[in-house]
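Given the sequences, and given the hints that come with them, work out the whole structure.
There are 2 protein chains.
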Amino acid sequence: MQKLILASASPRRKALLEQIGLVFEVMPSDVPESFPAEIPVRERAGELAAGKAAQIADRVASGIVIGADTVVVLDGRPLGKPDAEAQAFEMLRALSGKSHEVITAVAVIDAADGRMAQDDACTQVFFRNLSDAEIQGYIASGEPMDKAGAYGIQGKGALLVQRIEGCYTNVVGLPLVCLARLLGAFGIRAF
Amino acid sequence: MQKLILASASPRRKALLEQIGLVFEVMPSDVPESFPAEIPVRERAGELAAGKAAQIADRVASGIVIGADTVVVLDGRPLGKPDAEAQAFEMLRALSGKSHEVITAVAVIDAADGRMAQDDACTQVFFRNLSDAEIQGYIASGEPMDKAGAYGIQGKGALLVQRIEGCYTNVVGLPLVCLARLLGAFGIRAF
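As given, the protein sequences belong to chains B and R, one line each in that order. If you count the first sequence from 1, position 133 lands on 133 in my numbering, and the numbers rise without skipping. If you count the second sequence from 1, position 155 lands on 155 in my numbering, and the numbers rise without skipping.
What the hints contain is simulated information worked out from the structure, not anything from laboratory work. Any given hint could turn out to be false.
The calculated DSBU-like cross-link candidates involving lysine-lysine, where the alpha carbons are at most 35 Å apart (straight line), are [what the hints assert, rightly or not]:
#, chain 1, residue 1, chain 2, residue 2
1, B, Lys98, R, Lys14
2, B, Lys3, B, Lys14
3, B, Lys81, R, Lys81
4, R, Lys81, R, Lys14
5, R, Lys98, B, Lys14
6, B, Lys14, B, Lys81
Since the structure is predicted, the reported quantities are computational estimates derived from the model, not experimental observations.
Take a look at the structure:
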């Protein structure tokens with residue numbers, strides 16, 4: 001089986017790959033996440049995932065490289081990582097009592113020959129109604145600041161989410177069923 | 001804040017309580033999980049959750065005790081833990097390409113005065129189509145044998161699940177939003 005490389009610094013993506021028992025190494029890409037705003041969100045995520053995988057594939061002689069990009073979309077508008085607590089508050093206030101989409105694009109590249117497979121997953125996430133005091137309490141926990149949409153479903157943010165429709169691991173940052181299908185095309189299987 | 005006690009030996013429930021930052025101790029109950037089959041599944045889960053919490057509440061002078069019971073239901077029929085690999089195979093074959101329900105009943109009891117609050121959550125889980133070779137590979141990983149329905153969504157079993165509709169942590173074994181609402185009535189909050 002070929003060497004597997006995760007082109008991401010995300011501890012959450014690392015934990016998801018470990019969850020399915022895959023052996024891999026981490027080589028974070030440094031592709032800038034800004035992108036022309038006129039490109040549709042889903043397409044942009046796909047370009048970024050492919051760009052991240054391609055950057056690392058260029059640096060190694062062989063191996064199967066995984067790139068991913070996750071976006072949180074509310075009413076068609078992408079929510080990035082909050083710059084400050086006030087912005088985290090605004091994001092969580094906007095998400096309260098509504099549903100939004102989380103899209104993760106995944107790209108897998110064989111570094112030896114440049115062959116690429118890619119796909120994405122979209123999950124609907126329904127937030128319960130949050131009081132201002134709850135939002136402030138959640139922000140005080142320190143969890144929102146490094147996360148797109150200002151929450152982490154795999155942490156205390158689980159308490160914000162009434163229900164989801166779709167793939168859970170996609171919301172965490174790496175849709176495992178989608179990824180496994182792509183990896184299968186390169187001969188890599190979890191079981 | 002009162003002492004919190006988890007009346008369950010499940011490492012998955014322990015991990016979920018840790019995920020939301022609660023401080024607690026574990027005191028597993030030994031309430032038998034068998035129950036008259038003529039009682040509806042959801043009602044039986046509620047009785048078992050209350051019975052588990054009550055057993056531990058009887059043993060301590062004070063504290064807030066959490067009991068829970070999770071059932072996997074396919075076409076109205078509960079699936080327990082498989083007795084043998086052949087039974088795990090049959091269960092996974094039956095779940096393949098279909099949706100089933102996971103119900104977790106939760107009961108919270110104040111040991112000092114016996115006051116109880118309880119509720120449950122139900123999540124639809126949609127399995128993708130599994131080949132016999134995939135099922136055998138998953139069984140060979142050793143994961144199915146101690147789990148109701150013969151899979152664990154928080155492990156390699158994530159690769160079996162196409163999508164869910166509802167609360168994810170409910171499928172793992174403890175619906176956190178439901179639990180937090182019950183704990184709030186006893187003055188316990190995660191943030």
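Honestly, which of those hints from before does the structure not fit? 3
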